[in-house]
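Go ahead and model the full structure; you've got the sequences and the hints to work with.
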Amino acid sequence: MDLSKAVKRYIPMSETMFYILLSLRQPNHGYGIMQQVKELTGDRVNMGAGTIYQSIGKLEGDGLIKPLREEDRKKIYEITDLGTQVLTIEAKRIRELYRNTEGLL
Amino acid sequence: MKDTKKVWLTTFRYVVPAEYERWFEAQEASGWHVEKIGQWSSILMTLKKDKPRQYRYVVDMQFSRRKDYIALYEEFGWEFVGQMASAYVWRKEYTGERPESFTDQENIERRNRRFAIAVLINLILFSLTVLGLMIGFIVTFGKTDMGQKLQFILGMSLCAAFAAYLWYVWRKILKNRNR
Chain A
297 MDLSKAVKRY IPMSETMFYI LLSLRQPNHG YGIMQQVKEL TGDRVNMGAG
347 TIYQSIGKLE GDGLIKPLRE EDRKKIYEIT DLGTQVLTIE AKRIRELYRN
397 TEGLL
Chain B
23 MKDTKKVWLT TFRYVVPAEY ERWFEAQEAS GWHVEKIGQW SSILMTLKKD
73 KPRQYRYVVD MQFSRRKDYI ALYEEFGWEF VGQMASAYVW RKEYTGERPE
123 SFTDQENIER RNRRFAIAVL INLILFSLTV LGLMIGFIVT FGKTDMGQKL
173 QFILGMSLCA AFAAYLWYVW RKILKNRNR
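Taken in sequence, the protein lines are chains A and B.
Position 91 of the first sequence, counted from 1, bears residue number 387 in the numbering used here, the numbering being contiguous throughout.
Position 163 of the second sequence, counted from 1, bears residue number 185 in the numbering used here, the numbering being contiguous throughout.
The hints are simulated quantities; they were obtained by calculation from the structure and are not laboratory data.
Careful, some of the hints might be misleading.
Dumping the calculated DSS-like pairs for lysine-lysine here, alpha-carbon to alpha-carbon at most 25 Å [what the hints assert, rightly or not]:
| no. | chain 1 | residue 1 | chain 2 | residue 2 |
| --- | --- | --- | --- | --- |
| 1 | B | LYS89 | A | LYS362 |
| 2 | A | LYS362 | A | LYS388 |
| 3 | B | LYS89 | A | LYS354 |
| 4 | B | LYS89 | A | LYS371 |
| 5 | A | LYS371 | B | LYS114 |
| 6 | B | LYS89 | A | LYS370 |
So this is what it looks like as structure tokens:
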């Protein structure tokens, strides 16, 4: 998938997709992603097995992440260049949102 | 007191995934334990009397699962109960908050959409069968006797009735896709 198509499909990004991509900047497997995201958000975002499995499938299918290897039946994934580009565009969008909330709080 | 009971056609009665999960959970809560689920469980399921348990059941539809599907669910603490065709049944005993497998709206709907697609494929197949029988009936009309004509009509009616039921199921799943 090329970048413009990926941008159309993923931005604005759901919280689930954002945190999966963010956590896959380092190789990780499904359960590890859930743990890391839980930690990052202070237990607020607690993703279930079905949500993670389906999201990984979608991200892999669109080429935003790729499988690296298998460790005792577990698949380890990592973000791709395309995934990093999409994540960066989303991060910039969130920064803009953040700036525009100043004065609100 | 009998310690097993047989339940017919559960998949055809509780067609909305969330409703099917609740049905399993109600059985467990009243002490009717599901031992195993296999290919024929959709037709006839055997439950065993045991102590009441608080379980969370999850039904999922996977047409072609990846290799890590089972391992991933198991790592999250889900027990694989069994599968009927492409429908997978998972459960987890819990106290406190009822655990979820699909934790966001987008993925709940994606799961439900797969159930709707599975039903839709069968609906199309049965509709084509009705159409095929209808064409056969008309083409051979002059050459068939009364008995053969009745067979055609019976076959068409049965397939049409089942197709109508599938249409109702498909609509119902779509209507409940956010659950």
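Has the given pair, LYS362(A) with LYS388(A), been kept, meaning a C-alpha gap of at most 25 Å? holds, 23 Å
Given the hint that LYS371(A) pairs with LYS114(B), does the C-alpha gap stay at or below 25 Å? The hint holds at about 23 Å.
Given the proposed pairing of LYS89(B) with LYS371(A), does the C-alpha separation stay at or below 25 Å? holds, 8 Å
Hey, LYS89(B) versus LYS354(A), does the alpha-carbon distance stay inside 25 Å? Answer holds: LYS89(B) to LYS354(A) is near 15 Å, not above 25 Å.
Hint check: LYS89(B) vs LYS370(A), CA-CA at most 25 Å. Holds or violated? holds, 9 Å
Compare the distance between the alpha carbons of LYS89(B) and LYS362(A) with 25 Å, and conclude whether the hinted pair is satisfied. OK: LYS89(B) and LYS362(A) at ~14 Å, within 25 Å.
Hint compliance for this structure: every hint is met.
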